[in-house]
Amino acid sequence: MGVFIGIVLFLLIAGSLILGVFSLNKGKFFSRGGRKEPPSKSDKIKAAVFMSVAGVFLIMFIFVPFGFKTVETGEIAVVKVWGEAKELKNPGLHFMNIISTKYEIYDLKTQQMDIDDEVYTADAQPLMMKLTVQYSIQTDKVLEINRTYGQMETLATRIKNIALEKSKVILSAKDAMKLIETRAALSPDVLTEIKTIEAQYFINIENVAIVDMAFSAAFEQAVEQKMIEQQAVERAKAEAERANIKAQEELDVSKLQAAQAIERAAGQAEAQIEIARGEAQALKLKSIEAARLLGFIIKEVEVDGGIDYEIDFENSDPDIEKTSIISDYLKFIAYLEAWDGKLPEVVGEGVSILWPMP
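Count along the sequence shown from 1, then add 60; that gives the number in the numbering used here.
Each hint should be verified, as a subset may be incorrect.
[Unchecked claim] Lysine-lysine pairs mimicking DSS-like chemistry, simulated, CA-CA at most 27 Å apart: (1) LYS306 <-> LYS238; (2) LYS201 <-> LYS234; (3) LYS306 <-> LYS190; (4) LYS146 <-> LYS162; (5) LYS346 <-> LYS306; (6) LYS255 <-> LYS286; (7) LYS169 <-> LYS234; (8) LYS162 <-> LYS149; (9) LYS286 <-> LYS306; (10) LYS228 <-> LYS255; (11) LYS140 <-> LYS169; (12) LYS286 <-> LYS297; (13) LYS234 <-> LYS190; (14) LYS149 <-> LYS169; (15) LYS234 <-> LYS286; (16) LYS190 <-> LYS162; (17) LYS129 <-> LYS106; (18) LYS228 <-> LYS297; (19) LYS238 <-> LYS140; (20) LYS201 <-> LYS226; (21) LYS146 <-> LYS228; (22) LYS220 <-> LYS297; (23) LYS146 <-> LYS190; (24) LYS201 <-> LYS286; (25) LYS238 <-> LYS255; (26) LYS190 <-> LYS238; (27) LYS286 <-> LYS315; (28) LYS238 <-> LYS226; (29) LYS238 <-> LYS201; (30) LYS228 <-> LYS238; (31) LYS220 <-> LYS190; (32) LYS190 <-> LYS149; (33) LYS234 <-> LYS220.
[As the list claims (entries may be wrong)] Label-pair ranges, simulated between beta-carbon atoms: (34) LYS238 <-> PHE373: 42 to 48 Å; (35) GLY143 <-> ASN221: 33 to 39 Å; (36) LEU71 <-> GLN260: 49 to 55 Å; (37) GLU147 <-> ILE105: 41 to 47 Å; (38) ILE105 <-> THR133: 19 to 25 Å.
Rather than coming from a laboratory, the hints here were simulated on the basis of the structure. Glycine residues also receive a C-beta, built at the ideal position from the N, C-alpha and C atoms.
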């Protein structure tokens with residue numbers, strides 16, 4: 061609009077000047093008998109009128125085209141008269157006095173700022189943080205923003221500094237490993253903290269995201285090594301658990317077999333006693349192997365000119381539960397070796413006939 065009006069006024073100025081000049085020099089263009097006549101009084105008046113009109117159009121050309129101001133959709137303008145913020149103008153075409161009035165445009169759309177800086181954790185680990193903050197200004201507070209902070213660039217600088225400060229408070233309060241473990245919860249925590257500045261800066265914080273956290277190469281290598289060690293510990297625990305289960309199964313099977321041997325030998329004489337003792341020896345060998353799986357030290361001993369194997373409880377260091385398992389079965393083996401072929405006459409509570417105790 062301003063450009064179109066400027067073109068029209070320029071043509072009017074040019075036309076008025078041409079007519080004025082022509083009025084003053086009409087005698088030169090239409091001379092009689094080769095004699096140039098001076099401009100008449102009426103020609104001078106016409107020339108003065110045309111020159112005056114040209115002057116008016118010139119003034120309009122200076123003020124009118126440049127006095128039109130367009131406020132785009134998604135923007136709002138602060139109208140300042142002689143430097144003082146007076147009112148707001150919504151999107152549209154507006155006319156202003158370019159001498160006394162100035163429009164300052166503010167963007168109402170969501171703004172995004174990216175913040176990169178170094179932070180030190182509670183355990184003094186350097187951390188490169190990348191933070192993204194999305195915000196928008198409060199439409200009804202634009203005059204206050206202009207009067208308090210000035211342009212959008214100044215406001216953005218203030219927001220960036222305070223957002224960085226508040227994010228550092230949260231990150232520096234945690235150890236490096238804690239930050240890694242709770243990374244998913246950090247952005248909401250930082251968002252909650254930064255939203256406390258909304259009233260002070262007349263903005264709405266829409267989103268805060270920690271897009272990256274990078275520790276030193278030495279620290280990341282240490283974390284990786286720790287994870288490897290933890291995985292090794294977990295594998296060792298799993299293998300020990302499997303060995304424990306296998307030993308338990310072996311002992312349970314041996315116990316059942318020995319108990320069956322006792323039951324079979326109960327109706328028979330010395331031959332069955334010898335069978336039971338043989339079963340006891342077999343159970344003993346399996347118990348030795350089970351103890352080896354559970355981590356006990358096995359030692360060789362001389363017995364009647366031969367070699368036998370025993371569990372070295374004194375130099376072994378397994379846990380109490382495993383020691384209890386082996387001890388129960390060794391008691392059972394000792395009973396089998398000394399069994400006289402007779403079943404117990406009394407069976408108390410908790411005692412099976414298949415497991416007579418000495």
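- request: Please flag the earlier hints that this structure goes against, numbers listed from lowest up.
  value: Violated hints (numbers, rising): 1, 2, 3, 6, 7, 9, 16, 17, 18, 19, 21, 22, 23, 24, 27, 29, 32, 35, 38; every other hint is consistent with the structure.
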